[in-house]
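2 protein chains.
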Amino acid sequence: MDPKLFLWFTEYQTKDLALSCRVTRTLHSEQTPFQNLAVFETEQFGRMLVLDNVIQTTIMDEFVYHEMITHVALNTHAAPKKVLVIGGGDGGSVREILKHPSIEKVVHCEIDGAVIEASRKYLPEISCALNDPRVEIIVNDGIKHVKNNNSTYDIIIVDSPDPVGPAEGLFCASFYRDVYAALKEDGIFVEQTESPFFNRDLISRLHQDISGTFPLTRLFLANVPTYPGGLWSFTMGSKKYDPLDVDVADLPKMNTRYYSPAIHRTCFVLPPFVKELLK
Amino acid sequence: MDPKLFLWFTEYQTKDLALSCRVTRTLHSEQTPFQNLAVFETEQFGRMLVLDNVIQTTIMDEFVYHEMITHVALNTHAAPKKVLVIGGGDGGSVREILKHPSIEKVVHCEIDGAVIEASRKYLPEISCALNDPRVEIIVNDGIKHVKNNNSTYDIIIVDSPDPVGPAEGLFCASFYRDVYAALKEDGIFVEQTESPFFNRDLISRLHQDISGTFPLTRLFLANVPTYPGGLWSFTMGSKKYDPLDVDVADLPKMNTRYYSPAIHRTCFVLPPFVKELLK
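Order-wise, the sequence lines are chains A and B. Going by the numbering used here, the first residue of the first sequence is number 1, and it counts up by one from there. Going by the numbering used here, the first residue of the second sequence is number 1, and it counts up by one from there.
Simulated from the structure, these hints should not be mistaken for lab results. Errors might be hidden in some of the hints.
One copy or any two copies: either way a pair holds, since identical chains are not told apart in the list.
[To be verified] Calculated lysine-lysine pairs in the BS3-like style (CA-CA distance at most 25 Å, straight line): (1) 105 to 239; (2) 99 to 184; (3) 99 to 275; (4) 240 to 105; (5) 253 to 279; (6) 239 to 82; (7) 253 to 275; (8) 240 to 279; (9) 240 to 82; (10) 144 to 105; (11) 253 to 82; (12) 81 to 253; (13) 105 to 253.
Turn these sequences into a full structure, and let the hints steer you where they fit.
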């Protein structure tokens with residue numbers, strides 16, 4: 001493309017709000033059996049993975065989301081060995097999980113193999129750990145996988161797109177019951193649960209649904225600039241361990257840019273307007 | 001306007017990134033001696049104040065910014081009586097300051113009287129405290145005001161637009177020296193200092209400049225969804241009090257939606273990628 005020309009990619013974050021990025025090159029674009037998949041080179045965020053016109057991850061800010069969806073739970077569990085990642089085809093969550101020396105196996109269950117392939121090719125910084133011998137990749141529906149694997153995992157991470165289209169079934173009470181059953185007796189579950197500014201009813205409902213299944217439910221926050229409003233929530237359901245009981249002074253030093261032992265504690269401190277959602 | 005028709009307002013947050021909101025009505029638009037001023041009614045954020053095509057505040061999310069730019073400093077000072085607000089013509093900072101019973105006087109120094117007038121008319125929820133008898137409004141350049149008022153204020157809050165155009169002089173070492181001189185011997189200064197994702201060099205430079213003048217400099221964070229990336233920084237320069245020494249259990253109960261005693265502490269806990277900027 002003529003370097004003086006440029007295009008904009010626009011995501012409609014809601015029907016009334018749009019985020020647009022200058023695109024210098026379309027590296028990949030296809031219609032998979034599940035969704036539309038594109039990888040753009042952008043000026044602002046570097047390479048960017050887009051599914052059904054929604055930004056999933058970018059080279060510039062992926063560290064926030066991937067560190068926070070993994071390390072908070074992994075450092076809450078006493079000795080996580082076997083972890084399931086549902087979704088997260090870019091491999092970023094798998095990369096972060098493998099930073100923990102206790103890990104023996106990561107099962108990576110992604111419904112759309114095309115996301116994995118595009119990420120391997122165009123996002124090597126994110127997908128780099130997918131060839132690790134501890135990783136088993138299963139291209140299948142995560143909902144089926146948890147139904148068929150009882151008392152198997154120490155940690156289950158649901159690294160999914162928004163709760164519409166292929167990911168809808170990952171946000172409901174019956175799925176949480178199956179996740180509970182697929183976890184060992186001290187297992188922990190984490191799911192990305194959208195924006196406290198734009199998805200207030202959803203967060204309330206999910207918190208209620210997860211609380212209905214797990215004895216301990218906790219919401220935590222992080223800031224992902226390419227997601228609507230920047231402020232993003234994650235919900236943890238835990239059978240035994242409480243992330244607030246972790247002695248953060250004892251946490252191992254990790255190579256991270258957003259997560260830290262101090263953030264492990266403060267990410268659970270919610271502004272009053274977010275606390276309200278959990279009543 | 002025909003209710004089935006709609007327009008979009010687009011802010012170019014950087015040359016490569018744009019945020020667009022559906023506008024249902026333009027309530028006000030003028031060229032003042034200083035800047036272009038508009039008030040829009042938007043579907044997503046309610047009424048919105050825009051200066052030189054940059055979103056300043058909206059009914060939906062103004063609480064975050066106004067609570068955080070004021071209460072952190074006011075609750076750090078032992079007994080703030082006299083506060084100066086530079087900029088902040090919408091009145092939101094003044095409204096929050098007046099929630100503190102110790103306050104005797106708020107001097108509100110805004111360079112552009114048209115911002116105050118438009119806010120009085122179209123943003124009464126934000127400007128509602130500007131008629132309080134403790135408030136003195138001065139339509140003048142804040143830089144001149146601090147030069148002419150030695151050892152006068154307990155707290156100075158710089159509630160300014162981005163450091164371009166009329167606000168540029170509010171982000172430099174000579175201004176910080178004048179602010180220092182305008183504060184009493186235990187005074188505190190707070191300034192909004194942009195985004196840790198998009199204004200990294202600026203934050204580093206301002207931190208260095210403020211550290212060069214004040215014995216104690218601290219950066220804190222909050223999440224404002226209408227600002228680029230959502231994550232926003234504030235820098236505090238203090239002559240005596242350290243916000244981290246505050247016994248948050250002793251803080252008075254306040255009617256706030258983002259700020260809380262717990263947030264008073266956690267807003268200073270920085271992710272490693274932000275800490276790096278302050279080295």
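Intra/inter-copy verdict for residue 105 and residue 253 if alpha-carbon distance must be at most 25 Å: Answer is within: at 22 Å inside a copy they meet the 25 Å cutoff, but 48 Å across does not.
Within, between, both or neither, where residue 239 and residue 82 count as close if Cα-Cα is 25 Å or less: Within one copy, since 16 Å is at most 25 Å while 52 Å is not.
Homo-oligomer pair classification [residue 239, residue 105; C-alpha up to 25 Å]: within (21 Å within a copy, 53 Å between copies)
Copy assignment of residue 240 with residue 279, given that the CA separation must stay at most 25 Å: Cα proximity of residue 240 and residue 279: one copy only (22 Å, versus 39 Å across).
Status of residue 105 relative to residue 240 across identical chains (alpha carbons, at most 25 Å): within (21 Å within a copy, 53 Å between copies)
Same-copy or cross-copy closeness of residue 253 to residue 82 [CA-CA at most 25 Å]: within (21 Å within a copy, 45 Å between copies)
Pop the pair residue 99 and residue 184 into one bin, within, between, both or neither, using alpha-carbon distances up to 25 Å. For residue 99 and residue 184, the Cα distance is within 25 Å only inside one copy (22 Å; across copies 50 Å).
Given a CA cutoff of 25 Å, do residue 253 and residue 275 count as a within-copy pair, a between-copy pair, both, or neither? between (30 Å within a copy, 16 Å between copies)
One pair to classify: residue 253 and residue 279, alpha carbons no more than 25 Å apart. Within, between, both, or neither? Answer is between: at 19 Å across copies they meet the 25 Å cutoff, but 35 Å inside does not.
Please sort residue 81 with residue 253 into within, between, both or neither, judging by C-alpha distance up to 25 Å. Within. Shortest intra-copy distance 19 Å satisfies the 25 Å Cα cut-off; inter-copy 44 Å does not.
How would you label the pair residue 240, residue 82 (within, between, both, or neither) given a Cα cut-off of 25 Å? For residue 240 and residue 82, only the intra-copy Cα distance (16 Å) is at most 25 Å; the inter-copy one is 51 Å.
Homo-oligomer pair classification [residue 275, residue 99; C-alpha up to 25 Å]: between (32 Å within a copy, 22 Å between copies)
The structure shown violates none of the earlier numbered hints.
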